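Chains as they are written, first to last, in my numbering: chain X, 1191 to 1344; chain H, 660 to 984.
For the record, the hints were derived by calculation from the structure and aren't laboratory data. Watch out, some of these pointers could steer you wrong.
[What the hints assert, rightly or not] Using C-beta positions, here's what the derived DEER-type ranges look like: (1) H:957 with X:1305: 22 to 28 Å; (2) H:767 with X:1299: 30 to 36 Å; (3) X:1289 with H:891: 34 to 40 Å; (4) H:767 with X:1293: 41 to 47 Å; (5) H:978 with X:1291: 50 to 56 Å; (6) H:908 with X:1291: 56 to 62 Å; (7) X:1299 with H:891: 55 to 61 Å; (8) X:1272 with H:869: 57 to 63 Å; (9) X:1299 with H:950: 36 to 42 Å; (10) X:1291 with H:767: 40 to 46 Å; (11) X:1272 with H:890: 51 to 57 Å; (12) H:768 with X:1272: 38 to 44 Å; (13) H:978 with X:1299: 23 to 29 Å.
This structure is a prediction, so every number in the text was calculated from the model and none was measured. Even glycine gets a Cβ: it sits at the ideal position worked out from N, Cα and C.
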Amino acid sequence: MSCKKWKKKLSSYLDNEVSSRERSKIEKHLKSCRACFNQFKQLERVHRLVQSIQPEKPRPGFYERLSERLCQKKTTLREKLVAWRYGWQLSFPGVGKIAIAVSAVLLVSVSFYIWRSATSYEVNIKVFEEEYFRSQQMNSFVGELALPVFFEIE
Amino acid sequence: MNPGKGFQKVLQCLFVLIILSGGMTSALLAIEPKEILTRSLEAQFGLDFEGIKKTEFRLPGRSYTTTTRIIRQEPDFTYTTTLAPARLKRLVILDDGKFRIKHIRGSNKFGFFPSLNSPEAKEIKRKSLNLIFINYKISKLLDGYILARPVYVISLIPKHSGNPRRKVWIDKKMYLPLKEEDYNWRGELISSSFYTEIHFDKRFSKEKFYRDFPQRPRKKVFSQERFLSLKDLRRKIRFPVSSAHYLPPSYEFQEAVLFSKERAVKLTYTNGLGVICLFQMPSNIKLRGHLEGAHPLVWEKGGRTFLLMADISRKELIKIKQSVK
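Chain H with its partners taken away, still in its complex shape:
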């Protein structure tokens, strides 16, 4: 036996062993896509950052782009200003964990809505994420870079066809989603948003953001209430509430909301990513204007007007409509 050959074989074995152990280690250390999404959700409530985000909305035959400056202070403060287009430049949204206040700068117009940063909202987001784990096939694609930062690329494909899907780029270090692409139930890209600038660990004095906002007690002007059950809602309103008895596979009831000075009701159903909204109100409330983004089903029945909005096929929408009792 040639001692040189024997040494060569030992080296070859060592090389294979090193490769194998490296692969195994990286496989063991690699984070599951579900874990990445969970960490991402938690990170959004625990980060301080300032960033500029561009969002492109694609409507049939048209597309729009908005640019927003987002300031986030953990755990529950967000301040958003629109930088472009010009007609939305005065729009400011402040969310302090209690209220989400929409304001047109230089005017006395304020819209008060439930916070999207509240513990309740976080709980809803957590529930939705769990639904995503059940109803979507989550896969990790090849890693990439956004703003020279390494990112995980996660793809969410619905297990039941005819539902929206999403692709998200999540920062490997901070777990903040830096880019998202949303596709409708047909698989067409409907919106894409990404940060063009991001600065982490930036702290601001919150007081300066409140300068434009009213000092009066907000409870008095807060006109919207959020409920988690139909039972609570039925106790609160004067007209009978109908609900959908048919839902596409994987959808379930999420919440009931009373809005528009307690004259209209919204029932929300979700599969984690897709949302079905069933609105209803007494028929003496007339609708005016037109929609550009959504094509809802509108009908009247039993002295009430119904509106059904969802990113699902028309056939499914009609099935839901027929099941509303």
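Bound-form chain X, shown alone:
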């Protein structure tokens, strides 16, 4: 086994997370390999230092606050859509959905109708004169009548 692989196992060795067989193998290699031994010593020093640090106790009520904040976590857009879809399905099953869709269409139509009625258009009165003339032409048995000259051509 190469040194690289032994070095990887050093941390587990310090934490007593290796089998007894492996432990003896590692100890045997450390005796024979100077580089790995040095690495082990460094690691051991860090390990000892970390263990000497006294863990600070959380302030009272920390876990309760944390759990509360996790519940209030912001939902993503995708989560919102999924929630809306499930909510729609749960709230308006079957006929309810159709009724809402029909109401929406009706609302849009009525709004359009009101808008159309309220909007005023301008029509040139000559359009009616031309229509009158067209009726005369339709009635006339003398074929093509010329358009009166006072007609707007635009």
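Model the placement of chain H on the given structure of chain X, informed by the hints.
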């Protein structure tokens, strides 16, 4: 008895007989004015010709003249260009039996209207002619000549006074009206039109006339619909349609038309020659501009604007207005 005198008497009798038989033959062969008008209507749908027509419109205190070149190809094609006055020179009207397209040459402006050459239009013209036979006194005046062609001169006088009348000069051979004079209800001449040139049996390739016209499907831009009954119209539109309950004697309902992007309705009544048009539209449609040729009655009632146009007396117009329900 003197044999010479007897021979003279025989000759006299023979002469009288010849005159009488000639008169009777010509009377038998002479065409009735009604028949002339009927033939004239049929001829207009069965002739190929090119002509130049001058029309004079007489308005109070003013008169205008237009000159148009008319090309007709049987059975249903007409191409009209205005030659004068200058401001109408670009105006072209093409009627192919399906649509009547008004176009200003050199622009993208096109107006689409129902054809006046369609079988439906012909039927309406035929109905109007039948109404003329009922409501007008038709008489044949002394024959004359127009463009060195012999013509029948037919006069149409209304049986009920207060209606327009017409005088028409019809070609004896081709039965095409070569001249018309229209008189208003007062008997004043309001328009006169006559051909200054006419060439029969001229055929053209129709394709060249379509050069200026749009190739896109015309149904999409065709904004006007023509109906023959009020029932059809009422099914089609969103606002209630009123009709005139009083009409001057001899007038009857002819057709209902929806126009101006289906926002306005036109009801037409006729006595064959005279036309009464009752227009109506929702009041949110405002009218602008002014008229030179006609003096309509305009009023508002029940959220709708009404316009009444006709060549009849003001008194009759008001009577019709009051009967609109």
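Hint-by-hint comparison with the structure:
no.	hint	result
1	H:957 with X:1305: 22 to 28 Å	26 Å, holds
2	H:767 with X:1299: 30 to 36 Å	34 Å, holds
3	X:1289 with H:891: 34 to 40 Å	35 Å, holds
4	H:767 with X:1293: 41 to 47 Å	43 Å, holds
5	H:978 with X:1291: 50 to 56 Å	53 Å, holds
6	H:908 with X:1291: 56 to 62 Å	58 Å, holds
7	X:1299 with H:891: 55 to 61 Å	24 Å, violated
8	X:1272 with H:869: 57 to 63 Å	60 Å, holds
9	X:1299 with H:950: 36 to 42 Å	37 Å, holds
10	X:1291 with H:767: 40 to 46 Å	42 Å, holds
11	X:1272 with H:890: 51 to 57 Å	55 Å, holds
12	H:768 with X:1272: 38 to 44 Å	55 Å, violated
13	H:978 with X:1299: 23 to 29 Å	41 Å, violated
Checked against the numbered hints given earlier, the structure breaks hints 7, 12, 13 and satisfies all the rest.
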